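Please put together the full structure from these sequences, using the hints given.
Residue numbers (the numbering used here), protein chains in the order written: chain A, 18 to 242; chain B, 3 to 225.
Fair warning: there could be bad hints in the mix.
Here chain A is said to cover these stretches of chain B; the calculated rule only asks that three of the stretch's residues, wherever they fall, bring their Cβ under 8 angstroms from a Cβ of chain A [said to hold, decoys possible]:
id	region
1	64-74
2	81-92
3	166-180
4	196-202
Some chain A residues near chain B, calculated using beta-carbon distances under 8 angstroms [what the hints assert, rightly or not]:
id	residue
5	Thr26
6	Ile106
7	Ile108
8	Pro210
9	Leu221
Just a few of them, taken from the derived set where beta-carbon distance is under 8 angstroms, the chain A residues facing chain B [as the list claims (entries may be wrong)]:
id	residue
10	Val86
11	Leu93
12	Ile97
13	Thr105
14	Leu137
15	Ala189
16	Val190
17	Leu213
18	Ile225
Calculated from the structure, these hints are not laboratory results.
Since we're looking at a predicted model, the values are computed, not measured.
Glycine included, C-beta positions come from ideal geometry on N, C-alpha and C.
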Amino acid sequence: MQLERLADTFFNLQVMQQYLPKIVEGFFVTVQIALAVVLAGIAAGLALALVRAFRIRALNFFIILGVDVLRALPPLVLIIGFYFALPTIGIRMSAWVATWLALSLVLAAFAEEIFWAGILAVPKGQWEAARSTGLSFVQTLTDVVLPQAVRLTIPPLTNRTIAITKGTALGAVVAVGEILYQAQTAYSFSYNPSPLVLGAAAYLILFIPVVYFGRWVETRFAWKR
Amino acid sequence: MDQLIQSFFNLEILSQASPILLSGFWMTVKLTLVVVPLGLAGGLVVALASTSRSRLVRWLTVIYVDFFRAFPPLVLLMFIAFGLPFLGFDPGAFVAVALSFLLNTSSYYGEIFRAGIESITRGQHEAARSTGLSGPQTMAYVVLPQAVKNVVPDLVSNTLEVIKLTSLASVVALPELLFAARQAQSLTYNATPIIAAGIIYLVCLWPLVRLLSRFEHRQIALH
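Below is the structure:
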């Protein structure tokens, strides 16, 4: 009897069936934002690290400042700032854009630090040897240093990227129609937590493979000691 | 420019909002002081379980860690805050936050401690045992101190993330800093409280970020 009530509360098939299409819809929105964040964040992070390699003092000061700020602020504060505070000075963006922009900026900041640490880790002799064979600074950076640096950065970058992609759930707070938002809305309409169970299952389906991918990358690209 | 100052750095609004912001700040501090030690202790238990001799215990630990690492923390929090009352147990916002953070952060801290324990060579263990220390004594006095020392950067990094995550508590209406800022914004129709909250986070967490940045460079440079 108890068990039946429990099943009826958390695994109510009727409710689940009703809201499954919504959760599936949310699933694709989550995937969409996650991919957009990964692409934009890593590309911007790499670009910033490359710019930093030119060691232009004034420019680097602003890169370091920006990266520090983005690492210190909680992503949810950024999303809420973009969505609720910026409109008061006339800058408006959709909830989707606010979530995407906030998470991309955070990922870019972490990625920049990781790429930069990787570039610094390449021994100075590599730079000197490449330059003495007649390669230009830019050629040395992109053809000699970067490929070695990127290899070092893959494990920490993968882990950080996974952690930040999970932040897509924060979009629910500003009503982006991703998994959590759909589950939460369905929960308040039906006053039954089954949609939350469905939503949780959707996250597991999405992220368990990603967590395993992260583990695999860690062993595959482990630093040789 | 004038409009920017009016909407973001309005001193009049700030002085109106400061009592709310201050109480929110203290709630965030309180939350951090509960959630971080709890997560560290939970993580230590998870790490010790993952070195257990019983295969079943190790296996269960892996499932626990992977399960809670796959869940976005906000999903876990909502599930606990909205789901538990249906089991006839309403934990209230603070306990719901503490519980979901315990589950989430103990799996992250657990992985970090495990990596630390694995970085200690078997010889240390064997040498300690041969001097007559018991298994638990070896773990507590020989292996763990060295293990923890090896993973300090990761522990600091995760702690920074946990402190930032406390802002999620605003979603279940726990009146911490972000919640207070949003409340003050809707009372004053002005975004200054949100900007102020951002600045408070920044001032408090910047030293940690600087420290970490130094650690990270050293870490990659060593390899």
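Each hint tested on the structure:
| no. | hint | in the structure |
| --- | --- | --- |
| 1 | 64-74 | holds (count 6) |
| 2 | 81-92 | holds (count 5) |
| 3 | 166-180 | holds (count 8) |
| 4 | 196-202 | holds (count 4) |
| 5 | Thr26 | 5 angstroms, holds |
| 6 | Ile106 | 5 angstroms, holds |
| 7 | Ile108 | 10 angstroms, violated |
| 8 | Pro210 | 5 angstroms, holds |
| 9 | Leu221 | 5 angstroms, holds |
| 10 | Val86 | 6 angstroms, holds |
| 11 | Leu93 | 5 angstroms, holds |
| 12 | Ile97 | 6 angstroms, holds |
| 13 | Thr105 | 4 angstroms, holds |
| 14 | Leu137 | 6 angstroms, holds |
| 15 | Ala189 | 7 angstroms, holds |
| 16 | Val190 | 6 angstroms, holds |
| 17 | Leu213 | 5 angstroms, holds |
| 18 | Ile225 | 5 angstroms, holds |
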